[in-house]
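Engineer: Please work from the sequences and hints to get the whole structure.
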Amino acid sequence: MSEEPVAPRSKNRILTLIGVLIGFAAMVLLVVFWAWPPYKSTKAFDEPKLTTVHLDEEPFMRLALRPGETYRPIDVMEGTVVAFNCEVVVKASGKPRFVLQAFGQTREGNDCTFQIPVPTSPGLIDNLVVTFYDGGAAVATDSLSVPVMIVPRFTGIQFQALEDSKHLIVDAGSAPDAVYLYARAIAKLPGDGRDFAALFFTADPSNGVPVLEMMPLKEGEAPEAMVGSVIRFRSYGADLAGYAFWSPEPIRTAGRDGNRSVTDLYVGIFRREAVASIFRKVLKVDVTGPDTVTVTPLIRNATELAALTVDGRLLSQSLHVVRGPTTAAGNEARVPAEAGR
21 MSEEPVAPRS KNRILTLIGV LIGFAAMVLL VVFWAWPPYK STKAFDEPKL TTVHLDEEPF
81 MRLALRPGET YRPIDVMEGT VVAFNCEVVV KASGKPRFVL QAFGQTREGN DCTFQIPVPT
141 SPGLIDNLVV TFYDGGAAVA TDSLSVPVMI VPRFTGIQFQ ALEDSKHLIV DAGSAPDAVY
201 LYARAIAKLP GDGRDFAALF FTADPSNGVP VLEMMPLKEG EAPEAMVGSV IRFRSYGADL
261 AGYAFWSPEP IRTAGRDGNR SVTDLYVGIF RREAVASIFR KVLKVDVTGP DTVTVTPLIR
321 NATELAALTV DGRLLSQSLH VVRGPTTAAG NEARVPAEAG R
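In this note's numbering, each residue carries its 1-based index in the sequence shown increased by 20.
Don't take every hint at face value.
[Said to hold, decoys possible] The calculated DSS-like cross-link candidates involving lysine-lysine, where the alpha carbons are at most 27 Å apart (straight line), are:
hint, residue 1, residue 2
1, 186, 238
2, 111, 69
3, 304, 238
4, 69, 115
5, 208, 301
6, 238, 301
[Unchecked claim] DEER-style ranges, computed between Cβ atoms:
hint, residue 1, residue 2, range
7, 282, 235, 36 to 44 Å
8, 90, 113, 34 to 42 Å
9, 129, 95, 19 to 27 Å
10, 186, 141, 35 to 43 Å
11, 198, 240, 17 to 25 Å
12, 188, 300, 21 to 29 Å
Note that these hints are calculated values from the structure, not bench results.
Idealized CB from N, CA, C, for every residue including glycine.
Structural biologist: Dropping the structure here:
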């Protein structure tokens, strides 16, 4: 009976040592992998620099752009006075100095906070350039150029986009049977945005009667209006702000009988506390069976509806939505374009 050869003891030790070294190296690589991003973030603040600018509450910072890409200009409204401020890493002990060049004028200060009058030149595209001198140095430490575009003065509601059931953008001229509606308002709301709500309406262009959109009705539940939250996202000068809102459920574009080819969409902003009473003013709903609901509009036109909105002025113009073709499988036709404004 033969015996199995036994590896020399020194060879076993070498293999063990190699295994330990490989394990140690793997552990070091793992630590470096997890520690590198925080290290880079921390290292970025070791040097004095401009980091972020806020213009009219819109943020701007340096990004790594790919070939052919450019920064999107920040919209500022003509005739307003907008706030400009920046965040900065200061290292020197002396007071920093900031120089801002905006619309042909130069401003200086020891902190990066400026008020900028916007010229009445809608369509003008320009760059606001801020230069930072750490500790008041004679040589510039860093600078940042912020692209801007002056837009016409506007207050009211603008449609932003329509999306199908899969949240793909569709065109108002070729839309599916039901769409999600996205809109924004530029206004001066008398209170916090959370105190207000967006309500959605459809109308047959042949009679122009707005019909309040309701949430899907389940058996045993009371009818409820489709309510969108009003979210403040920026300022437009000292007196106006931008608010975004969207329909929480798809809005029917084919009418309740499914045969309408063109539908007008409206959206308005109302006081949230008044939504229940507005529901009763604009719509009568009779649940006559498990699957049967009779809806009767109680207002005659958009003018009557506008009077119920905040200050009687926050109802959109109508958006004409045309039903598009569908495929044989019943999928919605998709046209990648923005909804009309």
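Engineer: Broken hints, numbered, in rising order?
Structural biologist: 7, 12
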